[in-house]
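Construct all of the structure, not just a fragment, from the sequences and the given hints.
87 is the number that the working numbering gives the last residue of the sequence shown; the numbers go up by one with no jumps.
If you're looking for bench data, these hints aren't it; they were derived computationally from the structure.
Just so you know, even glycine gets a beta-carbon here, dropped at the ideal spot from N, CA and C.
There are no misleading hints in this set.
Derived SDA-like pairs: lysine to any residue, alpha-carbon spacing no greater than 25 Å straight-line: (1) 82 x 62; (2) 65 x 53; (3) 61 x 28; (4) 61 x 80; (5) 82 x 44.
Derived DEER-like restraints, expressed as beta-carbon distance ranges: (6) 78 x 55: 17 to 25 Å; (7) 35 x 75: 24 to 32 Å; (8) 77 x 27: 17 to 25 Å; (9) 83 x 41: 12 to 20 Å.
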Amino acid sequence: MRITLPALLTLGALATPAFADMTSGTILAYDRLANVIVLTDKTHWTLHPDALVPADLKAGDKITIDFVSDGDNGSLPVKKLERQ
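Structural data, given as structure tokens:
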């Protein structure tokens, strides 16, 4: 059986893994009850319920966020963040 190039390209496009991205910034606000962080550049980040967040995280802290892009839907909830 012979597999053609278009079939291989289609298979490759369907098997594309999700790519992790990274951003950093300074916290403007952190809502522990809603699991939402707002950075000073006004971006909002929803935290995954299982995300490990330092207990003393507060406005003014510099952080790095690892997230997974979800195409036109934005991003998936953040599972990992680190204080710088």
